[in-house]
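Start from the sequences, fold in the hints, and give me the full structure.
If you want the building blocks of each chain, they are given just below.
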Amino acid sequence: MYRYDEFDHDFVRARVATFRDQVARRVTGALTEEEFRPLRLQNGLYLQLHAYMLRIAVPYGTLSSRQMRQFALIADTWDKGYGHFTTRQNIQFNWPKLKDVPDILDALADVEMHAIQTSGNCIRNVTSDQFAGAASDEIEDPRPTCELVRQWSTNHPEFAFLPRKFKIAVTGSPNDRAAVKAHDIGLRMVRDDAGAPGYEVIVGGGLGRTPMIGKVVREFLPKDQLLRYLEAILRVYNLHGRRDNKYKARIKILVHETGLEELRAMIEAEFEAMDAPTFAPSAEEIARIEAYFAPPAFETVEGADAALEAAKAADPRFAAWVDTNVVDHREPGYAIATISLKAIGEAPGDATSEQMRVMADLAERYSFDELRVTHEQNIVLPHLRKDQLHEVYQALDAAGLGTANIGLISDMIACPGLDYCALATARSIPVAQDIARHFADPVVARDIGEMKIKISGCINACGHHHVGHIGILGLDKGGIENYQITLGGDATETAAIGERMGPGFPAEEVVPAIERIVETYKAERLNREETFLQTYRRIGAEPFKEALYPSEARHAA
Amino acid sequence: MPIIDDNGFRAEAERAYLTPEDALASEASELAVLLPNDASAEALAPAFGRIALIAVEFPSFADGRGFSLGRRLRALGFKGALRAKGPLISDQYAFARGCGFDEVEIDDAMAARQPEAHWLKAAQNNQALYKRGRAA
Ligand code: SF4
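Protein sequence lines correspond, in order, to chains A and B.
Counting in our numbering, the first sequence runs from 1 upward without gaps.
Counting in our numbering, the second sequence runs from 1001 upward without gaps.
I should point out that these hints are in silico values taken from the structure, not numbers from a laboratory.
Hints may contain errors.
As the list claims (entries may be wrong) - Here are the simulated SDA-like pairs of lysine to any residue, each with C-alpha atoms no more than 20 Å apart in a straight line:
1) K1121(B) x K165(A)
2) K1121(B) x V27(A)
3) K248(A) x K1121(B)
4) K1121(B) x R26(A)
5) K165(A) x A1062(B)
6) K1079(B) x D275(A)
7) K165(A) x A1039(B)
8) K1079(B) x P1115(B)
9) K167(A) x R66(A)
10) K165(A) x F1061(B)
11) K1121(B) x D275(A)
12) K1121(B) x A30(A)
13) K1121(B) x R20(A)
14) K1121(B) x K167(A)
15) K1121(B) x A24(A)
16) K522(A) x E546(A)
Stated by the list, open to error - Now the stretches of chain A that chain B is said to cover, found in silico as 3 or more residues with beta-carbon under 8 Å:
17) 273 to 283
18) 357 to 366
19) 510 to 519
The C-beta atom is built at its ideal place from N, Cα and C for all residues, glycine as well.
Structural data, given as structure tokens:
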């Protein structure tokens, strides 16, 4: 894991002092509200419906147990005893008081954390594959790249006042768990024909009001040219991105309006004009970063697989959990476990301070002190010995963290919606809770198989509904919540935007509508191996539309 | 019209800036040019040798185009004084310096609201840029 040193320590401390000073200058009127706003946002502080919300950066979703325990302390001291893990691999606290924020930032700085650039029109916290450094399908560990991008983008003097926010994601695996095609820039680590490492650069993806799948702007970028190329893209965007309409200000609109070819030419011209050595990080710096991500000291464990099989045979609930929540590790004898924060009936992504401490203890004891936050709002223990999985499971289960539903219908993404968010047009958390309760029976959920439902409480799409296998968008129709359903979305390497089925449904009809979609899938699938998404791609939207809006009713209408 | 650099405020009389077009047409030297933030840096390059000062306009503190334009002017070899002109806030001082600007020009009302001490503090905040792993 990356280890922050004196430099980073001083940096975050200075940043807290700066923020205190900014708050003081706002109070005296030296800064107007308009001027203070971007400074507040660049320190992660949003004004929500009922209170401020503080969003803390978890760089590429990687945490130590000490840092997780500090979240628990913050939740207990300054919030309501829980925190909310987000689709940006970050954590949010929903109830801090403005006067406490500098103290919270100080508490974060104690563990080298901060809230820098988690909001505002700047380059946001870089996100990545939650299985980085552990995944069996990985070509190359994306974390050194993420760290390089983090350093480059932190307080970048040129890019702190962009037309709009800017999100970068990196994956080192062909199976994309980081949704790189749904980001302003997506980086896929690849090799060229000669085996040299580099990146496929994807630009202009994004969800929101105008969802777009990113396009490849550079098929192969040599690894050492990364920062120079990013700088070129950002400069073109900063100079040419629209500033007249905030809904048209993301780079996806620039790509769309300018055309990929022309934009590529502009980026390449900027890239060529830049002085290459200025942007190439020194070899020592690369080596310093990479050393921090060296694999932990894995042990050779005799009989790990046999021990796991025996535990599964003895404990069917554990076996079910392993089946859904545990995946292969690249190291023999080890496995990766995802802790579900989607217990039936709970708000997706929420964890209590007590649960945070349990997860921290387990990470410290069993997983080389590492935890990861996923963009699907769960927590990962990346390096577990197979023969210790059962102990880990039992401890999780005792803390209400043993839900066996990763990838299943109740493992939903839901944005905060009308319960917290000032922009919301409808609730999303209660909708997620209703769906989870309806499909709570594990036998039913397993029969349905892989299913990603994603729910947003307004068109800003923080719940990623466009890329949900089933997407649900909550709108306001004359003061009544109304939910639109899209099908066939996909956030992975086969990314697609979901297709709208028809008129929306009132809140109480959402669960029956999902039920009809599921029944249609079960009736149409070739066999139990064919997933919902595969069936949908094979047979198209029509049978689902028919189920949602029977033609008789459609003709009568 | 206070001008701000690392040493603090200095007064300057209101200047008559040239437009980029006039600067390109002029044969005089020691010119002072006001460059809108959507202007082309390349187009002005032929006149660099005759220009003593380029002031890049920042129509609003939230419009960051000027930062990229400043970097471009420097990358193209402009060696004269580079000034960021507009309602910048002291928190942006380090960013302006990091993008090749030497100084900032604000109006009197802004100077009254954000006095010299704020800018000097911003100028001394050497943590305002995260310089690790990044040359200059
Ligand atoms: S999608 Fe809308 S309601 Fe949900 S968090 Fe984003 S802005 Fe708020």
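- Task: Could you work out which earlier hints the structure fails to respect and list their numbers in ascending sequence?
- Result: The structure breaks hints 1, 3, 7, 8, 9, 11, 14, 18 and 19; every other hint is satisfied.
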